[in-house]
Amino acid sequence: MSITTAIKKHVDHSRTGNDITEDEPSQPPTQNIAGRYISSTKLVHMLKSKFGANEYHVHMAHNTFCIKAPRQLSSDEIAECRR
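Residue numbers (the numbering used here): 10 to 92.
Check each hint, because a few of them may be wrong.
What the hints assert, rightly or not - No farther apart than 27 Å at their CA atoms in a straight line, the calculated lysine-lysine pairs in the DSSO-like style are these:
1) Lys59 with Lys77
2) Lys77 with Lys51
3) Lys77 with Lys57
As the list claims (entries may be wrong) - Computed spacing ranges between beta-carbons, pair by pair:
4) Arg92 with Ser35: 30 to 36 Å
5) Gln36 with Arg92: 29 to 35 Å
6) Arg91 with Ser35: 28 to 34 Å
7) Gln81 with Arg45: 18 to 24 Å
8) Glu86 with Asn63: 15 to 21 Å
9) Gln36 with Arg91: 24 to 30 Å
10) Gln36 with Glu86: 16 to 22 Å
11) Asp85 with Gly44: 15 to 21 Å
No lab work stands behind these hints, which were simulated from the structure alone. Each residue gets a CB set at the ideal place from its N, CA and C atoms; glycine is no exception.
Please work from the sequences and hints to get the whole structure.
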């Protein structure tokens with residue numbers, strides 16, 4: 010077996026079952042919001058009221074809120090979370 014054939018078989022094998030199909034829901038994108046002027050209390054309250062307690066995830070990294078939710082917050086919703 011040539012090296013090209015071996016690589017092709019490895020690549021084909023690694024793709025099996027890993028391709029995303031249209032039937033699988035895609036993950037919502039992460040929305041990053043600079044944390045400098047955002048109240049974490051207001052942000053969490055906003056997320057809970059819009060999406061429910063277990064329908065979002067938020068954490069802070071490098072003074073930025075990283076949010077995964079069913080949709081992104083609008084600029085008006087973000088403005089309501091300002092300090």
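To see whether the hints hold, each was checked on the structure:
Of the pairs offered as hints, the one joining Lys59 and Lys77 holds, with about 13 Å between alpha carbons and a cut-off of 27 Å not exceeded. About 16 Å separates the Cα atoms of Lys77 and Lys51, which keeps this hinted pair within 27 Å; it holds. For the hint pairing Lys77 with Lys57, the CA-to-CA distance comes to about 12 Å; that is within 27 Å, so the pair holds. The hinted window of 30 to 36 Å between Arg92 and Ser35 holds, with their beta carbons roughly 33 Å apart.
A beta carbon spacing of about 30 Å between Gln36 and Arg92 agrees with the range 29 to 35 Å that was offered as a hint. Distance hint check for Arg91 and Ser35: the Cβ-Cβ separation is about 30 Å, which falls inside the suggested range of 28 to 34 Å. Restraint check, Gln81 to Arg45: a C-beta distance of roughly 19 Å satisfies the suggested window 18 to 24 Å. The hinted range of 15 to 21 Å is satisfied by Glu86 and Asn63, whose Cβ atoms lie roughly 19 Å apart.
Remark: the range hint 24 to 30 Å for Gln36 to Arg91 is upheld by a beta-carbon distance near 28 Å. Roughly 21 Å separates the CB atoms of Gln36 and Glu86, a value that falls within the hinted 16 to 22 Å. Against the hinted window of 15 to 21 Å, the Cβ-Cβ separation of Asp85 and Gly44 comes to about 18 Å, which satisfies the hint.
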